[in-house]
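Participant: Sequence:
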Amino acid sequence: MLVFLHPYARGGRFPAIRGVLSLLVAGWAVLGAAIADATDRNPTLWARWPGYQRGAATAVALDGGLAAVVAHPGVVHLWDVSSPSVPRSIAWISLEEDTATQLHLEDGILQVLRADGGVRLIDVRSPAHPRLAGTFQTPASARLAWAPWLVAVGRQGEGVELISVLDPDRPRRVATVPLSVPMGWLGIGGRKLAVVDGQARLWLFDLSQGEMPKPDPRAPLRLEAPFVTARWIGDHLVVVQREGTSAVAHAVELGDPSALHLNPRGLPLSNPPASLSGDGASGGDGWVVEQAEDSRIEIERFAWQPDEGGSTAGRLVRVGDVLQLPMLQVSIARSGPMLMGVSAAGLVRIYDAADPVTLRQTAEISLAGEGLDLALSGESAWIADGSEGVVRLDARDRGHLVEAGRLKLPGRSLKVFPLSSSQALVLRAGNTLTRVDFTDPDSP
Numbered sequence: 001m002l003v004f005l006h007p008y009a010r011g012g013r014f015p016a017i018r019g020v021l022s023l024l025v026a027g028w029a030v031l032g033a034a035i036a037d038a039t040d041r042n043p044t045l046w047a048r049w050p051g052y053q054r055g056a057a058t059a060v061a062l063d064g065g066l067a068a069v070v071a072h073p074g075v076v077h078l079w080d081v082s083s084p085s086v087p088r089s090i091a092w093i094s095l096e097e098d099t100a101t102q103l104h105l106e107d108g109i110l111q112v113l114r115a116d117g118g119v120r121l122i123d124v125r126s127p128a129h130p131r132l133a134g135t136f137q138t139p140a141s142a143r144l145a146w147a148p149w150l151v152a153v154g155r156q157g158e159g160v161e162l163i164s165v166l167d168p169d170r171p172r173r174v175a176t177v178p179l180s181v182p183m184g185w186l187g188i189g190g191r192k193l194a195v196v197d198g199q200a201r202l203w204l205f206d207l208s209q210g211e212m213p214k215p216d217p218r219a220p221l222r223l224e225a226p227f228v229t230a231r232w233i234g235d236h237l238v239v240v241q242r243e244g245t246s247a248v249a250h251a252v253e254l255g256d257p258s259a260l261h262l263n264p265r266g267l268p269l270s271n272p273p274a275s276l277s278g279d280g281a282s283g284g285d286g287w288v289v290e291q292a293e294d295s296r297i298e299i300e301r302f303a304w305q306p307d308e309g310g311s312t313a314g315r316l317v318r319v320g321d322v323l324q325l326p327m328l329q330v331s332i333a334r335s336g337p338m339l340m341g342v343s344a345a346g347l348v349r350i351y352d353a354a355d356p357v358t359l360r361q362t363a364e365i366s367l368a369g370e371g372l373d374l375a376l377s378g379e380s381a382w383i384a385d386g387s388e389g390v391v392r393l394d395a396r397d398r399g400h401l402v403e404a405g406r407l408k409l410p411g412r413s414l415k416v417f418p419l420s421s422s423q424a425l426v427l428r429a430g431n432t433l434t435r436v437d438f439t440d441p442d443s444p
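In this text, residue positions in the sequence shown follow this note's numbering: the first is 1, and each later residue adds one.
In short, the hints are calculated from the structure, not lab data. Careful, some of the hints might be misleading.
[Unchecked claim] Simulated restraints on C-beta separations: (1) Thr439 - Thr362: 19 to 29 angstroms; (2) Val86 - Gln209: 16 to 26 angstroms; (3) Gly198 - Pro410: 48 to 58 angstroms.
Since we're looking at a predicted model, the values are computed, not measured. Using N, Cα and C, we set each Cβ at its ideal position, and we do this for glycine too.
Throw the hints in and build the complete structure from the sequences for me.
Facilitator: See the structure below:
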């Protein structure tokens with residue numbers, strides 16, 4: 001992070017550079033540098049680059065045009081992605097705890113599952129001013145299901161605990177659904193809770209009667225084939241089973257008042273999916289996320305097709321071709337036709353998947369970088385950014401830093417020596433010196 005500051009005392013702790021400017025370079029933990037004027041005792045912040053703390057990404061969540069990304073060490077970044085080709089950093093906030101493994105973002109409340117199993121709530125209704133709200137503990141082995149007003153915590157062999165988060169500052173337990181068998185999956189759709197237990201039985205509970213869940217009067221549905229995963233998509237529940245050598249997605253018929261059963265017309269999948277996703281619209285579409293053999297991510301899309309006669313029954317049909325993400329993701333989220341994926345290397349990529357045949361990348365954000373060295377030359381600032389290469393900043397407006405070029409180099413960039421405002425020498429690991437030219441910032 002590059003920071004322009006008003007001045008420290010003359011003769012202070014920073015070495016003088018270009019008269020009144022001083023330079024401080026921080027290590028990996030701070031991920032940046034500071035520039036200070038050496039003529040005043042009271043420093044005043046002028047500008048930052050890149051404006052957010054950086055680190056390896058672990059999870060991503062989307063809600064409309066707002067994205068939340070967790071990066072090491074436990075920092076939540078908020079981005080405005082309403083214009084997917086020009087994502088804009090809004091704010092970041094420290095979790096004050098270890099890093100997170102899951103996120104759920106809906107109606108201005110970000111629910112964060114910490115690595116130790118606890119849940120932290122963050123109020124992002126004003127995205128520019130995120131606020132740490134309440135927290136509650138869960139077992140590290142617990143399974144969670146999310147809704148804007150409720151978190152369902154599946155405790156192995158103890159049932160499902162329901163936590164109200166209507167007041168994000170004071171989450172409270174409101175009920176417990178007793179289940180003495182191990183938990184396979186649970187999810188909340190609308191005002192219904194679905195649970196698949198360790199004996200491959202699907203249970204439904206009605207959450208519309210106040211805070212006490214009401215068991216569905218129908219007997220639980222026993223799944224005959226090995227259970228893989230499930231997902232609420234709009235008002236419809238989709239179950240994936242392993243049938244022979246294939247994974248098949250079936251819709252659960254919820255409209256029959258006498259019994260629950262699967263629609264026999266399933267959708268065969270090429271691989272067992274790592275997860276399912278779907279929008280919240282009634283009868284909305286869904287995506288199957290699969291791990292391909294070459295470590296890429298494959299996505300198959302399907303939509304709900306109602307049966308003739310206007311009943312609530314229906315089946316799943318494939319939409320478009322199989323899409324591939326060109327890098328291994330640690331977390332994927334989507335909102336409408338927009339898809340975001342993050343990698344452990346700290347890359348965040350945004351894709352437009354509106355076309356059923358192609359997947360188009362619209363933007364890329366790097367949360368990686370080490371900020372190992374910084375140097376000034378005229379109106380340019382140069383950063384040796386470790387594994388991210390070298391970055392040139394336009395510093396003509398000290399209150400607004402503009403990235404004016406980036407070049408990824410093999411290995412790690414350790415030091416930078418400016419030759420002019422557009423050229424520099426970069427010392428890389430292994431004592432290799434490379435000359436870089438940013439005369440054309442689009443093709444350095």
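Participant: With reference to the structure, classify each hint as holding or not holding.
Facilitator: So, going through the hints one by one against the coordinates:
The given range of 19 to 29 angstroms is respected by Thr439 and Thr362, whose C-beta atoms sit roughly 27 angstroms from each other. Distance hint for Val86 and Gln209: a CB-CB separation of about 46 angstroms, inconsistent with the stated range 16 to 26 angstroms. Judged by the Cβ atoms, the range 48 to 58 angstroms given for Gly198 and Pro410 holds: they are separated by roughly 49 angstroms.
The structure does not agree with numbered hint 2 stated previously, though it agrees with all others.
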